[in-house]
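For the protein sequence lines, the chains are A and B, in the order given.
Read in our numbering, the first sequence has 306 at position 306, and its numbers run on one by one without any break.
Read in our numbering, the second sequence has 286 at position 286, and its numbers run on one by one without any break.
It is worth saying that the hints were derived from the structure and are not from the lab.
Certain hints may be false.
[Said to hold, decoys possible] From the derived model, a few chain B residues whose C-beta atoms are all more than 10 Å from chain A:
hint: 1; residue: 86
hint: 2; residue: 95
hint: 3; residue: 202
hint: 4; residue: 358
hint: 5; residue: 361
hint: 6; residue: 368
hint: 7; residue: 408
hint: 8; residue: 412
[As the list claims (entries may be wrong)] Chain B side only, calculated, beta carbon under 7 Å to chain A, not exhaustive:
hint: 9; residue: 175
hint: 10; residue: 177
hint: 11; residue: 191
hint: 12; residue: 195
hint: 13; residue: 208
hint: 14; residue: 213
hint: 15; residue: 217
hint: 16; residue: 227
hint: 17; residue: 236
hint: 18; residue: 283
hint: 19; residue: 301
Treat the numbers as computed from the prediction; the structure is a model and nothing was measured.
Each residue gets a CB set at the ideal place from its N, CA and C atoms; glycine is no exception.
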Amino acid sequence: MLRIKSMPSLALMGLFVVSFPLQSVGQNRNYSSWENDLGPISEIDWNYERAAHLLERAGFGGTPDTIQRFANMSPSAAVTSLVHFDKSSPNVNSFDHSGIHDAGLDPFPPSRPATTELAKKNGEALGVKVKPTGNRRLQPVVNKFFYWLRASVLETNRVSYWWANRMVASEHPLQEKMALFWHGHYAVNESKVRDYRKLLKELELFHEMGTGNFRDLMVAVARDPAMLSFLDAGVNIKGAPNENFAREIMELFTMGVGNYTEGDIREAARAFTGWNYDGLEFVVNEVDHDNDQKDFLGHTGNFDGIDIIDIIMEQPVTAEYMAGKMYHFFVRDSVDPELGDQLGSLFRNVNYDISLFLETLFLSKDFYSEASVGTHIKSPVELAVSTYVKLGLSEVPGVPDFNQTTSALGQALFRPPTVAGWAGGRSWITPGLLLERGNFARDVLFPDINFIPPDRMNGSREIQSVARRVREGLDITAATQPSSIGEGQVMAESNMLADRDEDFNTRYGSFRGWQMAIQRVKPIPRHTAQVDLSAMVLKQEINTTSEVVDFLIQRFMRVPPGADSRNMLIEFLTNELGTENIVEAESYMEDSLRMTLHLLLSQPEYQLS
Amino acid sequence: MNLKNSMKNKLKRREVLRRGIAGLGVAGVGASILHSSVMSRVAEAATLAEANGKILVVLELSGGNDGLNTVVPYGDDAYYRHRPEIGLPKNELKVLDDHFGLNPGMAGFEGLFKDGKMAIVHGCGYENPSYSHFTSMAYWHTAAPNSGEEYGWVGRLADNLDPSGSSNFLVNVAARQSLAVRSQKHVPVVFDQPSRFMREAFFEEKEALDRVPDVGSVENPSRRFLLDIARSANDASELVRDAWSNYRSPVDYGVNSLDLPKVVSLIDSGMPTKLYYVSYRNNAFDTHVFQNNVHRRLLTYTSDAVAAFVRDLERIGRADDVALMIFSEFGRRVPENVTLGTDHGAANVMFVVGNGIKGGHYGEIPSLTNLAEGDNLAYTTDFRRVYQTLINGWLGHGDGPSILNGDFESFDMFS
Numbered sequence: 001m002l003r004i005k006s007m008p009s010l011a012l013m014g015l016f017v018v019s020f021p022l023q024s025v026g027q028n029r030n031y032s033s034w035e036n037d038l039g040p041i042s043e044i045d046w047n048y049e050r051a052a053h054l055l056e057r058a059g060f061g062g063t064p065d066t067i068q069r070f071a072n073m074s075p076s077a078a079v080t081s082l083v084h085f086d087k088s089s090p091n092v093n094s095f096d097h098s099g100i101h102d103a104g105l106d107p108f109p110p111s112r113p114a115t116t117e118l119a120k121k122n123g124e125a126l127g128v129k130v131k132p133t134g135n136r137r138l139q140p141v142v143n144k145f146f147y148w149l150r151a152s153v154l155e156t157n158r159v160s161y162w163w164a165n166r167m168v169a170s171e172h173p174l175q176e177k178m179a180l181f182w183h184g185h186y187a188v189n190e191s192k193v194r195d196y197r198k199l200l201k202e203l204e205l206f207h208e209m210g211t212g213n214f215r216d217l218m219v220a221v222a223r224d225p226a227m228l229s230f231l232d233a234g235v236n237i238k239g240a241p242n243e244n245f246a247r248e249i250m251e252l253f254t255m256g257v258g259n260y261t262e263g264d265i266r267e268a269a270r271a272f273t274g275w276n277y278d279g280l281e282f283v284v285n286e287v288d289h290d291n292d293q294k295d296f297l298g299h300t301g302n303f304d305g306i307d308i309i310d311i312i313m314e315q316p317v318t319a320e321y322m323a324g325k326m327y328h329f330f331v332r333d334s335v336d337p338e339l340g341d342q343l344g345s346l347f348r349n350v351n352y353d354i355s356l357f358l359e360t361l362f363l364s365k366d367f368y369s370e371a372s373v374g375t376h377i378k379s380p381v382e383l384a385v386s387t388y389v390k391l392g393l394s395e396v397p398g399v400p401d402f403n404q405t406t407s408a409l410g411q412a413l414f415r416p417p418t419v420a421g422w423a424g425g426r427s428w429i430t431p432g433l434l435l436e437r438g439n440f441a442r443d444v445l446f447p448d449i450n451f452i453p454p455d456r457m458n459g460s461r462e463i464q465s466v467a468r469r470v471r472e473g474l475d476i477t478a479a480t481q482p483s484s485i486g487e488g489q490v491m492a493e494s495n496m497l498a499d500r501d502e503d504f505n506t507r508y509g510s511f512r513g514w515q516m517a518i519q520r521v522k523p524i525p526r527h528t529a530q531v532d533l534s535a536m537v538l539k540q541e542i543n544t545t546s547e548v549v550d551f552l553i554q555r556f557m558r559v560p561p562g563a564d565s566r567n568m569l570i571e572f573l574t575n576e577l578g579t580e581n582i583v584e585a586e587s588y589m590e591d592s593l594r595m596t597l598h599l600l601l602s603q604p605e606y607q608l609s
Numbered sequence: 001m002n003l004k005n006s007m008k009n010k011l012k013r014r015e016v017l018r019r020g021i022a023g024l025g026v027a028g029v030g031a032s033i034l035h036s037s038v039m040s041r042v043a044e045a046a047t048l049a050e051a052n053g054k055i056l057v058v059l060e061l062s063g064g065n066d067g068l069n070t071v072v073p074y075g076d077d078a079y080y081r082h083r084p085e086i087g088l089p090k091n092e093l094k095v096l097d098d099h100f101g102l103n104p105g106m107a108g109f110e111g112l113f114k115d116g117k118m119a120i121v122h123g124c125g126y127e128n129p130s131y132s133h134f135t136s137m138a139y140w141h142t143a144a145p146n147s148g149e150e151y152g153w154v155g156r157l158a159d160n161l162d163p164s165g166s167s168n169f170l171v172n173v174a175a176r177q178s179l180a181v182r183s184q185k186h187v188p189v190v191f192d193q194p195s196r197f198m199r200e201a202f203f204e205e206k207e208a209l210d211r212v213p214d215v216g217s218v219e220n221p222s223r224r225f226l227l228d229i230a231r232s233a234n235d236a237s238e239l240v241r242d243a244w245s246n247y248r249s250p251v252d253y254g255v256n257s258l259d260l261p262k263v264v265s266l267i268d269s270g271m272p273t274k275l276y277y278v279s280y281r282n283n284a285f286d287t288h289v290f291q292n293n294v295h296r297r298l299l300t301y302t303s304d305a306v307a308a309f310v311r312d313l314e315r316i317g318r319a320d321d322v323a324l325m326i327f328s329e330f331g332r333r334v335p336e337n338v339t340l341g342t343d344h345g346a347a348n349v350m351f352v353v354g355n356g357i358k359g360g361h362y363g364e365i366p367s368l369t370n371l372a373e374g375d376n377l378a379y380t381t382d383f384r385r386v387y388q389t390l391i392n393g394w395l396g397h398g399d400g401p402s403i404l405n406g407d408f409e410s411f412d413m414f415s
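One chain only, chain A, in its complex shape (with noise of 0.2 Å):
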């Protein structure tokens, strides 16, 4: 904290600052004119709040230290730091792997009654035999469909938790911020994919071209597995194209709704047949290709993936979409469509290098103007890795869950809601949402002594059931009967399905399959968050209640709350103390000033950056 010191004048008019960021530095210059204006801003605007700026947006926030030595350096030099990075400096472990992918686990059928018709075809399926006689011959078929069901859902979430330490502490926080982007844009789900091992694959893939050349990085996640498993590219053949990943790659990835017509997406599903994937491998069955002509977007020729996406990029329409999309999650929601113009070719001239593109962006006076600071409403992953980041954390604490919190907010990684992604702006905030996003500030800070890891215990009230049942010797069909229901009341028609297939009990499966994943998927550590307030506020060298609620103002959040509420914390603060002076405090002040910097998180204003 000596860098606050050496800038009293932050640190004592926190609030100040950060209310009138433009009236406190450069006078005499004209900030009205900023917004759509994508020429650069000049070193006599750089400061500490255009610095805090810029880490909110190209990463997840800053400490008062780090966002000092950006302040300390010129703008130019402090994005060419952000945007180009040193990819081959590795900052953080790779991921860990629990081991849990067994020899014929691949190719996964699509459903458990797909695994079980198999297992009667081929006498085997997932690698498992058929029992040759007996009662449940194809229980362990059955029970290893579920075991991957399992362990891949906890693997997921695994690779959720090393995606976000990777946020929270990596030294290049774009890289981050943009595969996050990436992975919202080529939105796939986990619960169709049902394989950690391709969605690690793809992020991998973010990592390492999310700030290349966007054609290049599109011709690869058009081959990558996560993809092609998505979207049923693999049951795209000649003869009877399936038009899922031509419609998507269009729609939502290229171009956008209305640039094309149905007959362009038959057309191009055609020269995609035949892409496939094995295991990890993208591979092309050519039997399965068509080889003939296509009419593709006023081309006419022998198309095949490759070409369709070449065409797609000759689309003007294409550029001015994509740099629409990513002016959308790091600038603002609403683009003037001028300006939507002149980012579409601002994009085109760089030939799709996006950290050219980026650059530009965040340099410009519009992103620095007052139509784009302070409005960005934090999708949850940006909430909780800023909140840790802020917190001066290094890595993501294991209570609460980082998957269960954000996916309550409505962004669990590897579980977007649908191809689309997620909405973002506004949509991220609901009342339910908002109550949600306070009680995660508190999780952090008054951790849940009633908090039972995910990864161990099953939530299902159906699977605790059988397996209490189960321990307590019941043969396997008693103890998987449904719970009984009331008198008098119908059952409903799922809960009656429990086990007419005398090969196998699925009850049982799901109850065994998760006994076997949590055997062989490694434990998420479950700390909770190392943090000292009180040590935080007296490096401050600050005397009373209201420097302690300026200060963490200053330092949490991107938009103070208004005098009411800074006075009630204030208030609040000084009561709970007992006295105005901390120091008198300092023994006894650390639960105050968790409730009080509780009470700041869960204002509206927290929300925005």
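Since the structure of chain A is already known, use the hints to place chain B on it.
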């Protein structure tokens, strides 16, 4: 509704009025202003709910439900010609009449239809259909196909029914607010888990947390939005949480209750809500590959939950007051694809369920031989006719055309 239930509900409404105000037990600056405005808003909404005690619940099946394998036209050979592999044979169906049978997994719907509590509306769609989930869903949400409309049709309906924008008039159980409920004058109550719809806080913190600053002169539009939402959260969270914790039902909703028990809990608690919106989430019905097993399971869950919903409403004596409309953003392509699934299509069936319904078939049955472009069902019923039927026929509201931006003919669907 019998007298006893009617009394019970009146009592409950009064209780809500009381609790609605007490729930905002805030002190300090501006509290008195807050009290009086909330009091009048809660009171107004309660009065409105009395005026026509009818409630509309909308259930969205996201992903594009395959209507042809839901309400199966087994009497038409063309169905089996289009679907040699995935067509459902008559002997497996829940046969409704000499032409249609329900998917084998839909015992719940079968019961509702045979009891005369379900209307099946055929051929619902619109001109120049979009095959994009997001675009077509937006058209259904806004009731404005191939055009732009900022607010959702349920949101506009709320604005029209209650221009004062009273609290808790419109509820959307969801992780994210649906475009359908986006409203100019109302802040919809959107929550997912009622038990989580609360601020977890120390006793000492509560007073501070209950205070929502006035929007006043705030210029930052995102900040204004957040302050509005914070106010709505304060208005609703305690009511919703209490309703849910008081709710005990012996009714079996099956594996996926589609948030319908939450709706029943709120109705039973006497919430002044007239419009509810729930969904089968996450594009679940997008069955491009190997669809029959998964589709049947989805339909069983839906059918279980809907049938249970009606039984549960009967249990609390409110079944006569609620209509449930079920839709999906499109149907699916008539011919099956080679991967034993179906691709995005056009016209589809809709359902309206409730005690007040004259059950049966509505709308012209689309031809399976004269298909529209792209091997799709040609729509025979503009879907907004069903919206109009509910606005006018069910809620008894005359302003349908101004809400739907057009005059659509109602079906005579209510007894």
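Here is how each hint holds up against the structure:
1. Distance check for residue 86 of chain B against chain A: the nearest CB is about 14 Å away, which clears 10 Å, and the non-interface claim stands.
2. Interface exclusion of residue 95 of chain B from chain A stands, the closest Cβ pair being 17 Å apart, more than 10 Å.
3. Not every beta carbon of chain A lies more than 10 Å from that of residue 202 of chain B, the smallest distance being close to 6 Å; the non-interface claim is violated.
4. The claim that residue 358 of chain B lies off the interface holds: its Cβ sits roughly 24 Å from the closest Cβ of chain A, which is beyond the 10 Å cut-off.
5. No Cβ of chain A comes within 10 Å of the Cβ of residue 361 of chain B; the nearest lies about 23 Å off, and the non-interface call holds.
6. A cut-off of 10 Å between C-beta atoms confirms that residue 368 of chain B is not in contact with chain A; the least separation is 20 Å.
7. Residue placement check: residue 408 of chain B keeps its beta carbon more than 10 Å from all beta carbons of chain A (closest about 26 Å).
8. At roughly 31 Å from the closest C-beta of chain A, the C-beta of residue 412 of chain B stays outside 10 Å, upholding its exclusion from the interface.
9. Using the Cβ-Cβ criterion of 7 Å, the hint placing residue 175 of chain B at the interface with chain A is satisfied: the shortest such distance is roughly 5 Å.
10. Annotation: interface hint on residue 177 of chain B holds; nearest CB of chain A at approximately 5 Å, less than 7 Å.
11. Because the closest C-beta pair between residue 191 of chain B and chain A is about 3 Å apart, less than 7 Å, the hint holds.
12. The beta carbon of residue 195 of chain B comes no nearer than 11 Å to any beta carbon in chain A, farther than 7 Å, and the hint placing it at the interface is violated.
13. The restraint placing residue 208 of chain B at the interface with chain A holds, with a minimum CB-CB distance near 5 Å, inside the 7 Å limit.
14. With a least beta-carbon distance of about 5 Å to chain A, the hint placing residue 213 of chain B at the interface is held under the 7 Å criterion.
15. With its C-beta approaching chain A no nearer than about 10 Å, residue 217 of chain B sits outside the 7 Å limit, and its interface hint is violated.
16. Look at residue 227 of chain B: its Cβ gets to within about 5 Å of chain A, closer than 7 Å, so that hint holds up.
17. About 6 Å separates the beta-carbon of residue 236 of chain B from the nearest beta-carbon of chain A, less than 7 Å, and the hint is met.
18. At about 5 Å, the closest approach between the beta carbon of residue 283 of chain B and any beta carbon in chain A falls short of 7 Å, and the interface hint on this residue holds.
19. The criterion of a C-beta within 7 Å of any C-beta in chain A is met by residue 301 of chain B, whose closest approach is roughly 6 Å, and the hint holds.
Going through the hint list in order, the structure does not satisfy hints 3, 12 and 15.
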